[in-house]
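Residue numbers (our numbering), protein chains in the order written: chain V, 1 to 246; chain B, 247 to 677.
What the hints contain is simulated information worked out from the structure, not anything from laboratory work.
Computed from a prediction, not measured in an experiment: that's the story for all the values here.
Ideal Cβ placement from N, Cα and C applies to all residues, glycine included.
Among the hints, a few may not be true.
[Claimed, not checked] Pair by pair, the computed Cβ-Cβ distance ranges are:
(1) Lys-242/V to Gly-615/B: 40 to 46 angstroms
(2) Asn-34/V to Asp-627/B: 52 to 58 angstroms
(3) Ile-236/V to Asp-385/B: 52 to 58 angstroms
(4) Ala-193/V to Ser-508/B: 22 to 28 angstroms
(5) Asn-173/V to Asn-477/B: 51 to 57 angstroms
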Amino acid sequence: MKKILIIGATSAIAEVTARIFAARGEALFLVARNAERLQAIKADLDVRGAVRTATATLDVADVAAQQAIIDQAERELGGLDIVLIAHGTLSDQGECEKSVAALRREFEVNALSTMALLTILANTFEARRTGTLAVISSVAGDRGRQSNYVYGAAKAAVTAFLSGLRQRLAKSNVDVLTIKPGFVDTPMTANVANKGALWAKPDAVAAGIVRAIDKRRNVVYLPGFWALIMLVIKHIPEAIFKKLKL
Amino acid sequence: MSAIGTSWGRYPHARQAVVPLHWRDAALPSTEGNMLPYGNGRSYGDVCLNDGGTLLHTRGLDRYIAFDPASGILRCEAGVLFADILDFAVPRGWFLPVTPGTRFVTVGGAIANDVHGKNHHGAGTFGEHLLRFELLRSDGTRIECSPTQHADLYSATIAGLGLTGVIVWAEFRLLRIASPWMAQETRRFANLGEFFALSAQSERDYAYTVAWIDCAASGDSFGRGLFFRANHAPVTAATRTPRQRRLAVPFTPPFSLINGLSLRAFNELYFRRAREGNAIVHYEPYFYPLDAVGEWNRIYGPRGFLQYQCVVPPAAAEAAVTELLKRIAASGTGSFLAVLKVFADRAPAGILSFPRAGTTLALDFPNRGAATFSLLDRLDDIVAAAGGAVYPAKDARMSGVRFRQYFPHWQSMLPRIDPKFSSGFWRRVME
Numbered sequence: 001m002k003k004i005l006i007i008g009a010t011s012a013i014a015e016v017t018a019r020i021f022a023a024r025g026e027a028l029f030l031v032a033r034n035a036e037r038l039q040a041i042k043a044d045l046d047v048r049g050a051v052r053t054a055t056a057t058l059d060v061a062d063v064a065a066q067q068a069i070i071d072q073a074e075r076e077l078g079g080l081d082i083v084l085i086a087h088g089t090l091s092d093q094g095e096c097e098k099s100v101a102a103l104r105r106e107f108e109v110n111a112l113s114t115m116a117l118l119t120i121l122a123n124t125f126e127a128r129r130t131g132t133l134a135v136i137s138s139v140a141g142d143r144g145r146q147s148n149y150v151y152g153a154a155k156a157a158v159t160a161f162l163s164g165l166r167q168r169l170a171k172s173n174v175d176v177l178t179i180k181p182g183f184v185d186t187p188m189t190a191n192v193a194n195k196g197a198l199w200a201k202p203d204a205v206a207a208g209i210v211r212a213i214d215k216r217r218n219v220v221y222l223p224g225f226w227a228l229i230m231l232v233i234k235h236i237p238e239a240i241f242k243k244l245k246l
Numbered sequence: 247m248s249a250i251g252t253s254w255g256r257y258p259h260a261r262q263a264v265v266p267l268h269w270r271d272a273a274l275p276s277t278e279g280n281m282l283p284y285g286n287g288r289s290y291g292d293v294c295l296n297d298g299g300t301l302l303h304t305r306g307l308d309r310y311i312a313f314d315p316a317s318g319i320l321r322c323e324a325g326v327l328f329a330d331i332l333d334f335a336v337p338r339g340w341f342l343p344v345t346p347g348t349r350f351v352t353v354g355g356a357i358a359n360d361v362h363g364k365n366h367h368g369a370g371t372f373g374e375h376l377l378r379f380e381l382l383r384s385d386g387t388r389i390e391c392s393p394t395q396h397a398d399l400y401s402a403t404i405a406g407l408g409l410t411g412v413i414v415w416a417e418f419r420l421l422r423i424a425s426p427w428m429a430q431e432t433r434r435f436a437n438l439g440e441f442f443a444l445s446a447q448s449e450r451d452y453a454y455t456v457a458w459i460d461c462a463a464s465g466d467s468f469g470r471g472l473f474f475r476a477n478h479a480p481v482t483a484a485t486r487t488p489r490q491r492r493l494a495v496p497f498t499p500p501f502s503l504i505n506g507l508s509l510r511a512f513n514e515l516y517f518r519r520a521r522e523g524n525a526i527v528h529y530e531p532y533f534y535p536l537d538a539v540g541e542w543n544r545i546y547g548p549r550g551f552l553q554y555q556c557v558v559p560p561a562a563a564e565a566a567v568t569e570l571l572k573r574i575a576a577s578g579t580g581s582f583l584a585v586l587k588v589f590a591d592r593a594p595a596g597i598l599s600f601p602r603a604g605t606t607l608a609l610d611f612p613n614r615g616a617a618t619f620s621l622l623d624r625l626d627d628i629v630a631a632a633g634g635a636v637y638p639a640k641d642a643r644m645s646g647v648r649f650r651q652y653f654p655h656w657q658s659m660l661p662r663i664d665p666k667f668s669s670g671f672w673r674r675v676m677e
């Protein structure tokens, strides 16, 4: 039985991932903002076979409250083997271009809060010399695009942070997994019309996350074909890239 | 999966806004036009369509709420698929109390159409196994309904075609099983008389009975078919779970692949190659043979198909089924899968429940336009004259006059329908 902490447990990808863990009989500690929805997910995971589930509410941007929640998770489960950090908001790019407050808010939720959590978790995992820190970043962090570069820049910060953390924790046998989903059909992206062939279901992404954790991978694109797409996008020369409508 | 906002028969076409529902505590959206819940789009015609309005896509309501492993009582959100319940329940020794011929229906859809299966003679419809559900109305009220609480809304919502509000969650009783296997016996019958005799003598000892009938046969072969009767098997020596082949129809061919010639050839082969006798089969191929072929509805081409399922009362059954089959055989159309089953005489769970005492016949027709519609109107004449009914979940074309004949209590629905809810089907039959 693995002891698993999930931050942002009411996100669609996190919820489906938690179902896979529950069916395996793992123990789960779920953290999100909305208590009622956490309860709905907890009940579902209990039925599906989770050995133990517990929940706590947290606004991740409230960095000062993070330590207490992590301590609570450690206490409730008797330690931690895996942490999945899955919270996030899809920034309103237009608003972030007009308002520095909106820009700061996006960075606090999508970058700073994650790095703060990882700072606390890295120290306990490093001391314990085992476990996995799995974090949902995004393909958007691979290269800034005019349509969502604030979100992309926040995710780029997370990706770079994870890369460094991975090097540091490798010596302590702690796995750091960077998860880069492409387009996923979730409530967060409900406003996107005309979802084409590049869009994946949360189930497929969740199965990929569990597989990557099991296989102790470093970086995964989900679905896998995004590795190829981003390879191409990253290598387009700036002189051409700046004229594209991506 | 097919696009959200289409039905399984791919006819008729409808344009509507789609709003996904994800959380059972959330309110319904405010819409300008009217709304209709849409589950997994496995009903055939327009009971799940709402041209010009909004569909509330319920698949995101897919959480379990509680399961009691001692009693087998399951409570879950209404967007959970029967397929998911089977994956969950069968390894724990439980099965769906009633299941239609596809496992890709939602719990909400199963209630709203009050689905039945091969065990109707013993177990009735899905609605008969419900204990309670929550209904969310457009005015924001949430009403827990059961046979003793809001009983009027309870019986209006079972088979209520989604018109009374959104079913948010439901609680029902599962069936205890000893293994995932079915003990099945196959028997050939030469004519309808033999079918009725086999049916009558199988009802007591077999939980599941159904027949395939050769709807293309005429002359001496008229009325021939295969009778399948089965029970859940006890723990057996069979342990190898079959790997179900995952075929799929990869694209829609430009015309229907089902025509008079291919139909007669298929049926001849199917009848002759059938192996009579006993077999142990896994529940998946037994209950859901067509689920193994993804998007099989595409074989009928871009114009789609019409499914016709009717029931005719016992006294008139043999004569009416004979007349229906003759009419169909003479038309040279019809489908490979024509199904015949005897329903028991049970109190209906819902005001608009389709199953009733008598014999039910179901088959598909490729949509060939006016010729198909006129044939189905002639079949309606036979069904109406016999005092029978046609199944709304399969229908895309019955007239309002026929609907009101088939469902004489339809007026009891009117005060219970949510004023903001409607469907393509409902507007059609209320004309």
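How the hints compare with the structure:
With their beta carbons about 54 angstroms apart, Lys-242/V and Gly-615/B fall outside the hinted range of 40 to 46 angstroms. A beta carbon spacing of about 56 angstroms between Asn-34/V and Asp-627/B agrees with the range 52 to 58 angstroms that was offered as a hint. Range check, Ile-236/V to Asp-385/B: Cβ separation about 54 angstroms, and the 52 to 58 angstroms hint holds. Between Ala-193/V and Ser-508/B the beta carbons are some 40 angstroms apart, a value that contradicts the proposed interval 22 to 28 angstroms.
In this structure the supplied range 51 to 57 angstroms holds for Asn-173/V paired with Asn-477/B, their Cβ-Cβ distance being about 55 angstroms.
In this structure, the hints that do not hold are numbers 1, 4, in rising order.
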